[in-house]
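Fit chain W to the supplied structure of chain V, relying on the hints for placement.
Quick mapping for you: the protein sequence lines, in order, are chains V and W. In case it helps, the working numbering puts the first sequence at residues 49 to 429. In case it helps, the working numbering puts the second sequence at residues 49 to 429.
Read the hints as simulated data drawn from the structure, not as lab findings. One thing to keep in mind: the hints can contain errors.
Derived DSS-like pairs: lysine-lysine, alpha-carbon spacing no greater than 25 Å straight-line [to be verified]:
hint, chain 1, residue 1, chain 2, residue 2
1, W, Lys391, W, Lys355
2, W, Lys183, W, Lys256
3, V, Lys183, W, Lys355
4, W, Lys335, W, Lys428
5, V, Lys108, V, Lys256
6, V, Lys302, W, Lys183
7, W, Lys115, W, Lys88
8, V, Lys302, V, Lys369
9, V, Lys108, W, Lys108
Covered stretches of chain W (chain V as the covering partner; in silico rule of three or more C-beta atoms under 8 Å from a C-beta of chain V) [what the hints assert, rightly or not]:
hint, region
10, 101-111
11, 354-367
Note that the coordinates shown come from a computational prediction; the quantities given were computed from them, not determined experimentally. We put the CB at the ideal spot given by N, CA and C, even for glycine.
Number of protein chains: 2
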Amino acid sequence: MNNTIRKIAIVAFLTFGCFSASTAEAFTASTNIPEAQYPKVDTDRCAHFRIHAPEARDVKVDICGTKYDMTRDADGWWSAVTQPLVVGFHYYFLVVDGVSVIDPASEAFYGCGRMSGGIEIPEDAETAAYYTFNKDIPHGQVRECRYYSDIENAQRRCFVYTPAEYETRTDRRYPVLYLQHGMGEDERGWHQQGRMADILDNQIAAGKCVPMIVVMDYGNCGYIFGARPGETRADFGATFTPIMINELIPFIEKNFRALTDRDNRAMAGLSWGGHETFQTTLYNLDKFSHIGSFSGALFFLADGIDKAYDGVFTDADNFNKRVHTFFLGMGTEEGFGSDRISKALTDAGINNTYFASQGTHHEWLTWRRCLNEFLPLIFKQ
Amino acid sequence: MNNTIRKIAIVAFLTFGCFSASTAEAFTASTNIPEAQYPKVDTDRCAHFRIHAPEARDVKVDICGTKYDMTRDADGWWSAVTQPLVVGFHYYFLVVDGVSVIDPASEAFYGCGRMSGGIEIPEDAETAAYYTFNKDIPHGQVRECRYYSDIENAQRRCFVYTPAEYETRTDRRYPVLYLQHGMGEDERGWHQQGRMADILDNQIAAGKCVPMIVVMDYGNCGYIFGARPGETRADFGATFTPIMINELIPFIEKNFRALTDRDNRAMAGLSWGGHETFQTTLYNLDKFSHIGSFSGALFFLADGIDKAYDGVFTDADNFNKRVHTFFLGMGTEEGFGSDRISKALTDAGINNTYFASQGTHHEWLTWRRCLNEFLPLIFKQ
Chain V
49 MNNTIRKIAI
59 VAFLTFGCFS
69 ASTAEAFTAS
79 TNIPEAQYPK
89 VDTDRCAHFR
99 IHAPEARDVK
109 VDICGTKYDM
119 TRDADGWWSA
129 VTQPLVVGFH
139 YYFLVVDGVS
149 VIDPASEAFY
159 GCGRMSGGIE
169 IPEDAETAAY
179 YTFNKDIPHG
189 QVRECRYYSD
199 IENAQRRCFV
209 YTPAEYETRT
219 DRRYPVLYLQ
229 HGMGEDERGW
239 HQQGRMADIL
249 DNQIAAGKCV
259 PMIVVMDYGN
269 CGYIFGARPG
279 ETRADFGATF
289 TPIMINELIP
299 FIEKNFRALT
309 DRDNRAMAGL
319 SWGGHETFQT
329 TLYNLDKFSH
339 IGSFSGALFF
349 LADGIDKAYD
359 GVFTDADNFN
369 KRVHTFFLGM
379 GTEEGFGSDR
389 ISKALTDAGI
399 NNTYFASQGT
409 HHEWLTWRRC
419 LNEFLPLIFK
429 Q
Chain W
49 MNNTIRKIAI
59 VAFLTFGCFS
69 ASTAEAFTAS
79 TNIPEAQYPK
89 VDTDRCAHFR
99 IHAPEARDVK
109 VDICGTKYDM
119 TRDADGWWSA
129 VTQPLVVGFH
139 YYFLVVDGVS
149 VIDPASEAFY
159 GCGRMSGGIE
169 IPEDAETAAY
179 YTFNKDIPHG
189 QVRECRYYSD
199 IENAQRRCFV
209 YTPAEYETRT
219 DRRYPVLYLQ
229 HGMGEDERGW
239 HQQGRMADIL
249 DNQIAAGKCV
259 PMIVVMDYGN
269 CGYIFGARPG
279 ETRADFGATF
289 TPIMINELIP
299 FIEKNFRALT
309 DRDNRAMAGL
319 SWGGHETFQT
329 TLYNLDKFSH
339 IGSFSGALFF
349 LADGIDKAYD
359 GVFTDADNFN
369 KRVHTFFLGM
379 GTEEGFGSDR
389 ISKALTDAGI
399 NNTYFASQGT
409 HHEWLTWRRC
419 LNEFLPLIFK
429 Q
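Isolated chain V, as found in the complex (with noise of 0.2 Å):
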């Protein structure tokens, strides 16, 4: 290819990405229902997409913040092709007539403070790894519990990782991670959208973290904040604390073979789920050992490190000494600020450790690659 044609390429595929790039290979996405052909994923990256809507006026793909319209050809089959999306999970919709739906091709997840579409952009299979099934190793399982709560007077429901030498090592107990969700997502968003299993499994098969118990519960902010009149900020998801330290972990380490002082108990969380991690850590240090928020939604500094949290970060040399591991990450193209209060806390004395995503927004690969960073620093003491 000389250079200016070599120029006229790029430009064409920087002005019309994929719609351009028609020849891409295309594969059905891992996202699908069985026998669902489409969506597709080509190896540019565009994600296609496909539904048989005769009677609709008007139908567009809702994906990563873009509404992308859809073409009707003669027998009533709808389809567009999107720009080159960033690699791994996106929650998406379909609009039909203005009417925000699953795709019928799609398999459900709990996200968005509702079921919806999902579809997973491929990283290439080196990178993957981290949370790819490998068949060659040993497994762990993800146990559904119900249990019932006194404080809620109503059925709760988490699951619970368990490593694979859990169920052969019966003499041996295990160190637990709390690991919540965020906003508009349920107990059920780590396993299926976030891959734990697999993390867990490659990290534990390789040696880089020690085997664990992973508990997932409902953080009590799977709806969208704002959907309940009058709520404030500090009321959103603030009645999970109190189960979770009245009656989850104990529920847990009735139940399992679990480690039960604090240098043997970490929680960790995305987003809102980070924001929990804190309200329910700092104010417990008795309890934990291990912190980590991924994304997450903090506030504290805009009135002074200082009062943040009961003044917990006022005495560094404490503060250090008692908290093994303290974790933030972010994703570089999201801004939820973790650099800032990283550098704040460093700042301060605080010792923790910070990791950036690079290229990742707010969503499930940042807070995948942050859980496989954050699990090799744990229950090393």
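For chain W alone, coordinates are given in the frame of chain V:
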């Protein structure tokens, strides 16, 4: 009420159903996502649906074989109230300008060959107790396990129910029931739609069935027959049996404290899963001694009972000695022929138990009841 008025009221009710019964108290459906007030179900068992679709021209609710037109108000909210519905779980869809979609207010369930909406029309609490969470009894776990199939060259997933005592009685082994979903469903169905964990928890706590492991895997029939061009009825789901025999059973018996003799191995399935159960067990009676078909899709009478399954029914004495439980169940309203099959088997001298679920269709309440009848029969030898 005098007789004339009563007659008018009855006629009006039969004619207009719930449309005239707007005063019946309505409750948010248990199958909704958090914060969703609609759908509701009223005390006349009518379901009330609502969706905001200001740009749509036509919106319907598609439930239990009927499409109800929804009515638009000035603000673009569409609503409909159904006729009284049969109790139990129903898949349903909203049809927006001809496109069948999941109600955004509904949890999603894999059924109908895709993710579907679902609504539970509650029975009275006493009748429903056997499939209802009871906070005062111990609860088992439902464990998601992933394994690799060399036959399919792919990752597979199964769900394994372990009884509550499995965690503490670590010297004990348990019998295993393999429990299959129907056409267009998958390995999630028995737990989510079928409430199998509650049924097992309640029966075990009451001493009605023995504590057992229950395995729910994908029957390779999760799409609607006909979706694969050229596939014969004999092909549909037939790839499951060799996987179950050669990979799933060994996986379970390696990873769980399972009893491994035929007296302690059962298989049951609903609809196409009933067909798969007969295909798997009746050709492998060295491995199974308890067999259940719940509204099974069974066709073998057409060619004569003597020819069925390599003549397994021709030696009734031998069959009756080997098969400890042979159960057929069906709803009285569905016409799947299990009654005729049971009678033909009885006429041929084959011991079998027949259960008719009164007033129910080819739906999950029939199968909850079938499971509830089947469990006390098995593993009692």
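Results of checking the hints against the structure:
Distance restraint check for Lys391/W and Lys355/W: the Cα-Cα separation of roughly 17 Å lies within the 25 Å cut-off, and the hinted pair is therefore satisfied. Restraint check for Lys183/W and Lys256/W: the C-alpha separation of about 18 Å stays at or below 25 Å, so the hint holds. Restraint check for Lys183/V and Lys355/W: not satisfied, since their Cα atoms lie roughly 42 Å apart, outside the 25 Å limit. A threshold of 25 Å between alpha carbons decides the hint, and for Lys335/W with Lys428/W the separation of about 17 Å falls inside it, so the pair holds.
Among the hinted pairs, Lys108/V with Lys256/V is inconsistent with the structure: their alpha-carbon atoms are about 44 Å apart, more than 25 Å. Pair hint Lys302/V plus Lys183/W holds up; C-alpha atoms about 16 Å apart against a cutoff of 25 Å. As the CA atoms of Lys115/W and Lys88/W are separated by approximately 17 Å, the hinted pair is consistent with the 25 Å bound. With a CA separation close to 29 Å, the supplied pair Lys302/V and Lys369/V exceeds the 25 Å bound.
Of the supplied pair hints, the one linking Lys108/V and Lys108/W holds, its CA atoms being roughly 21 Å apart against a limit of 25 Å. Closer than 8 Å: that is the beta-carbon criterion, and the region 101-111 of chain W has 6 residues meeting it against chain V, so the requirement of 3 holds. A count of 0 residues in the region 354-367 of chain W with a Cβ less than 8 Å from any Cβ of chain V is obtained; the coverage claim is therefore unmet, three being the minimum.
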